[in-house]
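As given, the protein sequences belong to chains A and B, one line each in that order. For the first sequence, the tail end lands on 361 under my numbering, and the numbers increase by one without skipping. For the second sequence, the tail end lands on 297 under my numbering, and the numbers increase by one without skipping.
A portion of the hints provided could be inaccurate.
Far from chain A by the CB rule (all over 12 angstroms, computed), these chain B residues [as the list claims (entries may be wrong)]:
hint : residue
1    : Leu-53
2    : Pro-122
3    : Phe-237
Subject to a maximum C-alpha distance of 25 angstroms in a straight line, what follows is the list of computed DSS-like cross-link-like pairs (lysine-lysine) [unchecked claim]:
hint : chain 1 : residue 1 : chain 2 : residue 2
4    : A       : Lys-16    : A       : Lys-2
5    : A       : Lys-16    : A       : Lys-206
6    : B       : Lys-89    : A       : Lys-341
7    : A       : Lys-171   : A       : Lys-156
8    : A       : Lys-134   : B       : Lys-291
9    : A       : Lys-282   : A       : Lys-350
10   : A       : Lys-232   : A       : Lys-282
11   : A       : Lys-232   : A       : Lys-206
12   : A       : Lys-282   : B       : Lys-33
13   : A       : Lys-350   : A       : Lys-340
14   : A       : Lys-232   : B       : Lys-284
15   : B       : Lys-284   : A       : Lys-134
16   : B       : Lys-89    : A       : Lys-340
17   : B       : Lys-284   : B       : Lys-189
18   : A       : Lys-206   : A       : Lys-27
19   : A       : Lys-16    : A       : Lys-3
20   : B       : Lys-56    : B       : Lys-291
21   : A       : Lys-232   : A       : Lys-208
22   : B       : Lys-33    : A       : Lys-134
23   : A       : Lys-282   : B       : Lys-89
24   : A       : Lys-27    : A       : Lys-16
25   : A       : Lys-206   : A       : Lys-282
26   : A       : Lys-341   : A       : Lys-355
27   : A       : Lys-355   : A       : Lys-345
Ranges between beta-carbon positions, derived for each pair [said to hold, decoys possible]:
hint : chain 1 : residue 1 : chain 2 : residue 2 : range
28   : A       : Arg-218   : B       : Asn-88    : 17 to 27 angstroms
29   : A       : Tyr-165   : B       : Thr-264   : 53 to 63 angstroms
30   : B       : Ser-266   : A       : Val-119   : 26 to 36 angstroms
These are calculated hints, taken from the structure and not from any lab test. Every residue, glycine too, gets a C-beta built ideally from N, C-alpha and C.
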Amino acid sequence: MKKVLSYFNKITIYIKDSFRRMVSAVKTDAMYRRFVYLFVGLNVILLLSELDIMNYSTVSLYAYIIIFTIVALGLNILLGFSGLMSLGTAGFVGFGAYGVVYFETLGFPYEISSLITIVIATFIGLAVGLFSLKVEGVYLAISTLAVGEIFSQIFKRVTWFTNAYGGVHYKYPTLLGFIELDRNMTYIFLSFVMVVMMVVMYHLTKSKTGRALLAMSRSNSSAQAMGVSISKYRLFSFVVAILYATIGGILYASFYRYVQPLDWNLMLTLLILAMVVVGGMKSIFGTFLGVFIIYGIPKLYLEDLFSSVSGVAYLFSGILIIVVVMFYPYGMIHVTHDIKKLYNKYKIHKQNKLKAGDGDE
Amino acid sequence: MSVFLQLLFRSLETGSVFALASLGIVLIYRTSKTTNFAQGSIGTLNAFVAATLLMKWGWSIWAVVPAAMVTAIITGFIIDTVFIRPANKVGNIGKQIITLGLIIVIIGIIPWLFGVEPIPLPQFIPYSPTTTITILGATIGYNSFFTIGMSLLLMGAVFLFIQFTDWGLAIRVTASNEITSRLMGVPTKSVTMISWATAATFGTLAAIIVAPQTQVDINMMGSIQVSAFFACVLGGFQTFYGPVIGAYIIAFSSNMAAYYLPPTWSVWSTVIVYVLILVFLFFKPVGIIGKKLVRKV
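With the hints as extra help, turn the sequences into a complete structure.
Here it is in C-alpha cells:
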C-alpha cells in the first residue's frame, strides 16, 4: 500500500513538474508559442463560422485539414527523418476509423476502443517494421502499398467489421463516459489532439531518438558505424508513423461519423505523401502548410472559382502541386526564407537609393 | 482441361495488360529514376481519345488505335519536356509527387475534353460464334489471340530494340548511370524522351485492351496500375524483362486462386496473392531476377 502511495506521489509530482515546465516552455520557447497560436487560430475559425461570417461547411473542411495534418506528421517522421517510404498510410487511417467504431459497438467506451485500435495498429506496425529490415527502397514502398491494398480489400469484404459497401455510422465521441461532445466541441478536441501530437513530434525530433533517425536518413552505414541501431529505429519510426495514421483515422470517424470503404485507396496515400513533400520534410508547421495547400486551397478557393466547368479545379490543383514541388523541392515552408531575402534586398535597394539621392544633392 | 485452358488464356490476356503497364513503369524507373504513378492515368487519357474518335467521329477501331498511339507518344514527349526534365534537381520523392500532380491534372483534363460520361470501347474482333475457336473443349475468342499476340510481339520488339540497336544501348547505359553516360556523349535527354513515349504507348495499349471489359472511365486503370507495381517488385526493377515475367505470374496465380479455391476463399484470391508476394519479398528482397544493390558508403 505504502509502495502504491509513493508511486502515486511520484506521479503527481511528475505531472506537476511537467505542467510547470510546460508553462515555462510556453513562456520561453518560441515553438510552443506558435503551437498555441495555431490552436487559437484554428478555433477562431470555429467562432467565425458560429457568427455566420464563414460558411458552416468551412469548419468540417478545417477538421479534415487537422486530421490529415496528424496523419502527415506521422509520415513526415518516417519519410523526413528516417528516409523510409510508406505507401500504406491510407489503409491505416481507414483501419483506425473502422476500428474505433467496431470496438465501440462491442460496448467499450470511446477511450478504451481507441486504445485497443491503437494497440492492434502498433502490432501491425511492428510487423511492417520487421519486414522493412529486409526490404529496401522502392521495393519497401511497394510492399507497404501491398499492405494498404490488403486493408482496402478487408474494408470491402469483411462485413462484420466494416459493413462492406454500406459503410458504418458513428456518433460524436463521449469523453470519460459523461462529457458528450457536439460538433463544435469535437472540432476543439480535434485541434487540441493535433497540437498535442505536434508537441510530441517536436520533442521526439529534439531527443536522442530524433537525432538517431536524422543520422539514419543521411546514410544507413555511417549511422550504423556511429552506433545507431538501424533495426531498432526503423521499427520505431514505422510504429510511430502508423500510430499517427491510426489516431488520424480515429478522429476522422469521430468527426465525420461515417466511414466507407472506397476512400482509403492509393490516391489518398499519394495525397498524404504530397502533403509532406509540398509542405516541407522535417518541418512540423510545414506539414500543416502542406495539408492546407493540397486540400485546403482547392476546396476553399479553386472549386468556387472554377465551379462552372467540371474538372478545372482538379486541373489547377494538380498544376499547383507540380509548380510547388518544382520551385520549392525542399518544401513550401522555405518560402518564408525567400520572402525575408526579398525584403532584405528591397531594404538594401532603398538604402542605396537614399544614399544615391544624398550624393546628388 | 477445358477449364484450365480457358483460365490460361484469360490469364495470358490480363497478364499482357499488366506486363505492358509494368514494362512502361520499369522503363521510366530506370531512365528517369522515378516511380511513375501516372502510368495508368496516361493510358486512360489516350484511351479516351480512342473511344471519342470511335464513338463520336465514327472511325474504325483499326484506325483509332494507331491514332491513340500517336497521341500517347505526344503525351509522353510533353510530360518529359514540360514536367520531368525541368525538375531534375527535385530529387526522387519530389518527382514521384510530380507524377501524382500529373494524375490530378489528367483527372481534371478528361471531363473537360471528353465529357463526364464513360464511353464504351469495343474489342478489336467482336466476340461472336463465328470469331471463336474451340481447342480441347475450351472456347477462345480470336480477340484474345490477337491481344495476346500483339502485346507479346510489341514487347518482343522492344526487347530486341533495347538489346541490339544503338538507341537500345543508349537506353541501357542511361539506365545504369545517367551522369557517366552523358559525359560519354549519350543523348540522355532523347533517351528519357523515348522512354516516356514508349511507356505512354504501352499504358495506352493496356488501357485499350482492358477497356471492353468495362467502359472507358477515369478509374479504369487503378487496379491495373497497382498490379503492375507488384509485378515490378516481383520481377525486380533491375532488368527490363523481370517485370514482364512477374506480371504473367501475378495474373496466372490470381486467376487460378479465384477458380480453384473453395468459394469462401476465392473472394480473397487477390489478398492471398499479395500476401504470397510479401512473403516472397521477405526471403528474396530484390525480386525474382534482381541483383543485390551495392551501395557506396
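When the hints from earlier in the document are held up against this structure, which numbers fail?
Structure breaks hints 3, 9, 17, 20 and 29.
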